[in-house]
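With chain A fixed as given, assemble chains B and C onto it according to the hints.
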Amino acid sequence: MTKENVLKYITKGMRYDGRKMTDYRPVTVTYGVSHAAEGSARVKIGETEVIAGVKLAMETPYPDTPAQGNLMVNAELTPLSSPQFESGPPSVQGVELARVIDRAIRESKAIDLTKLCIKEGEKVWSVAVDIVTVNDAGNLMDAGALAAIAALKNAVYPTLKDDGSVDYNKKTDKKVPLQQTPIEVTVIKIGDQLIVDPLPEEEEALDSRLTIAFNDKDMLCAMQKGGETPLSVEEISAMVDLAMEKSKELRKKL
Amino acid sequence: MSNEVLHVKERDIVVPGEVIAEGMGFLPSRGLYREGAKIHAGRLGMIAIEGKVIKLIPLSGVYLPKLNDKIVGRVIDVLMTGWRIETRSPYSAVLGLKDATAEFVPRSADLTQYYAIGDYVLCKIIAVTSQKLIDVTMKGPGLRKIKAGRLVEVNPHKVPRIIGKEGSMVLMLKNATGCNISVGQNGWIWVEGPAPEDELKAVQAIKKVEEEAHLPGLTERMKAYLEELTGKPVEIPTVTPGASAEEHEPPEQREEHREHGQHPRHGGRRFPPRR
Amino acid sequence: MAAKAVKQEYPKRQDGRDWEEMRPIEGKVGIIPRADGSAMFRIGHTVAYAAVYGPRDLFPKFMQNPETGILRCRYNMMPFSGHGERVRPGGGRRSQEISMLMNKALLPVLDLKESPNTVVDVFIELPETDAGTRCAAITAASMALADAGLAMKDMVASLSMGHYNGKIMADIDGYEDCDVGISDIPVAYIPSLDKFSLLQLDGEVPKEDLIKLLNLAKKKAMEIYKVQQQALKAKFFAEDHQHKKVKQ
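Protein chains in written order, with the numbering used here: chain A, 1 to 254; chain B, 1 to 275; chain C, 1 to 248.
Chain A extracted, bound-state conformation (with noise of 0.2 angstroms):
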């Protein structure tokens, strides 16, 4: 019944919290919250908080990409954050969180990865970035995003030591090279009406969601769609045309 009311509210052009439509709850970006991680941020959607930090790992590249790097973005949906995870093996919506920000870091070409080859065949750099909830007030994807580019931005080389080992103790102040900064974000359709940054009753009481990354020139380089009701090209048209929008705003953040 609360989708019922939630759609009420949406056709009258009120969010659930009495915000506008369109508007996200307050964004807050705080750089370098843990010290030991190479690169790190939290993220605050309202009271969505989520934090993400980068490790960075010597190792050999794959065969096929030799002079590249390696990126690896993982997701956790812990059960410090909601009464809806459990511990264990990730959900397939922490599976989904993780992939989709990872396209949107790998296809936007957000890091060089030839950049971070040492020796051909032999030594590349990979990089981990690990996005972690700890609470979920709603709109889970377009925190974890945030934070996930933010904590690459914060990110720094460890130092190399001659003899081909890392020292994470010292920190280089080399920045991990960053030439695009992706920014997702996530449309829902309820009825008719086009929201951004729903509230965890919003979620429910969804159509059907989009989420879409920006990158810096205002390319699409990554998109899923979620929900039941599929989507008609205007409707996708106008989901796109609201999220570019917002992704301005959300880079302001950064």
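Don't take each hint at face value.
What the hints assert, rightly or not - Computed list of lysine-lysine pairs in DSSO-like fashion (alpha-carbon distance at most 27 angstroms, straight line): (1) C:233 with B:38; (2) C:12 with B:38; (3) B:207 with A:12; (4) B:55 with C:233; (5) B:174 with B:223; (6) C:195 with B:38; (7) A:171 with C:12; (8) C:233 with B:208; (9) A:44 with A:109; (10) C:212 with B:52; (11) B:9 with C:233; (12) C:28 with B:208; (13) A:170 with A:119; (14) B:145 with A:3; (15) B:232 with A:12; (16) B:223 with C:235; (17) A:3 with B:147.
What the hints contain is simulated information worked out from the structure, not anything from laboratory work.
Just chains B and C now, kept in the frame of chain A:
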């Protein structure tokens, strides 16, 4: 006795283990425990003092179902002879056929005609066993299936403050916002208003009471808040004469308290044993 | 600041601390609104978040105890939290042991008999680690359990003591933890009982030194205990209560 010391005063927030008082003359109430001459707090809460009796009013914690509580429940299963109701506690309740409605329910009936999974109901707890098996009824004044509106979640220990003395606080909220507000002792509150804007105002006001439940002068502050929120003058409902001047109502006094217009019940109320 | 005692010969404490000095500590309660109770505890560069859910329904049913609720702690370090390489998610044996030790350290103050067949879940996540993690976890969990309104006789304050060459140290940091010469002794203390509910020892310590160390540990634990109490009370007196603007 010269050995008696009270370390706290009315409305102090105390934490587990904190020494509240010393001396055999004091009577620790529920949530406080005695070790030798010292009385300690046994959970997080607020102090209320009545002569030699020291009480602890809990401000947090999950809902534990009690006999005679009116709660907002949610139907989670349809059984052979009734329905299973979520109570927002670790224990679910059963609504039996005989307690479901004033009409006669034939055994072969499709029970979902009456209550379907996902329906919210205002019901009353009529039995709690030691193993926390719970029975509820839908027969009684004010008990009904919820048809519209939105659910607000508050901490169950704030409910007495949201209801107020003799229902005065919730009545003030209802009058000011024009909404129907059904408060469950389990901290689930159903708000139904003529328009979403009104519902939102009621939600905001309820949340404010929840946050400031432990602070004095709340009634006056809520009056001012509601006036600013609605742009209309607000009256503090008058309380039946003879009621105490104290603003806050500890949960132990909940049995004397009823929503506006109902009669208190006599007898039959069982509390969990005092420690 | 009081005059520092003449420092013994090298190695002194690497960050300039006195032997009996803890790193800066900080506690905050109610940081995870979704949970029934929550808290953060920081000691130096070690930070623990704790969230409590419960008492709540327990599955699988065979784990239910008809006489009392049970406590279930889960300790986890975020993958990027520590010095050195990334820690793969999933915990492992160390996390399992610490989770069990946390349970034993906290259970003595809890009374779960009023909620049979239920579980109280305590989840710990550490975004930053620099030794003393299980102690920070217990300290944070203790505040979170109180925040969740559970029946608790007292709180539990925990820290990691150290011993080197006859010298007793309070609060071992990461650098000292890696030094094989320093013995590591994590403890958890319950003030109202004047007893310890966690005690481990790694290293070489003569018995007299252990007793001296435990007595110092009590004093230091009381400093942590005060911060725990203040953090719980501070939640109710946030200044902006009186000045919240009306949202239009």
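Each hint, compared with the structure:
The straight-line distance between the Cα atoms of residue 233 of chain C and residue 38 of chain B is roughly 21 angstroms, inside the 27 angstroms bound, and the hint therefore holds. The straight-line distance between the Cα atoms of residue 12 of chain C and residue 38 of chain B is roughly 43 angstroms, outside the 27 angstroms bound, and the hint therefore fails. Note on residue 207 of chain B and residue 12 of chain A: the hinted pairing holds, with a Cα-Cα distance of about 23 angstroms set against a maximum of 27 angstroms. The straight-line distance between the Cα atoms of residue 55 of chain B and residue 233 of chain C is roughly 18 angstroms, inside the 27 angstroms bound, and the hint therefore holds.
Straight-line distance between C-alpha atoms of residue 174 of chain B and residue 223 of chain B comes to about 12 angstroms, which keeps the hinted pair within the 27 angstroms bound. Taken as a hint, the residue 195 of chain C and residue 38 of chain B pair is honoured in the structure, with Cα atoms around 18 angstroms apart against an allowance of 27 angstroms. Using a Cα cut-off of 27 angstroms, the hinted pair residue 171 of chain A and residue 12 of chain C holds, with the two alpha carbons roughly 24 angstroms apart. For the hint linking residue 233 of chain C to residue 208 of chain B, the alpha-carbon distance of about 19 angstroms falls within 27 angstroms, and the restraint holds.
For the suggested pair residue 44 of chain A and residue 109 of chain A, the alpha carbons sit about 25 angstroms apart, so the restraint of at most 27 angstroms is met. Between residue 212 of chain C and residue 52 of chain B, the direct Cα distance comes to roughly 42 angstroms. Violation of the 27 angstroms bound is thereby established for this hinted pair. Restraint check for residue 9 of chain B and residue 233 of chain C: the C-alpha separation of about 15 angstroms stays at or below 27 angstroms, so the hint holds. With a CA separation close to 22 angstroms, the supplied pair residue 28 of chain C and residue 208 of chain B stays within the 27 angstroms bound.
Proposed proximity of residue 170 of chain A and residue 119 of chain A is supported: the alpha carbons are some 22 angstroms apart, at most 27 angstroms. Restraint check: the Cα-Cα separation between residue 145 of chain B and residue 3 of chain A comes to about 17 angstroms, which is no more than 27 angstroms; the hinted pair holds. In summary, the hint linking residue 232 of chain B to residue 12 of chain A is supported, as the alpha carbons are separated by about 23 angstroms, within the 27 angstroms threshold. For the suggested pair residue 223 of chain B and residue 235 of chain C, the alpha carbons sit about 24 angstroms apart, so the restraint of at most 27 angstroms is met.
Between residue 3 of chain A and residue 147 of chain B the CA atoms are separated by roughly 13 angstroms; this keeps the pair inside 27 angstroms, and the hint holds.
Hint check: violations occur at hints 2 and 10; the rest are consistent with the structure.
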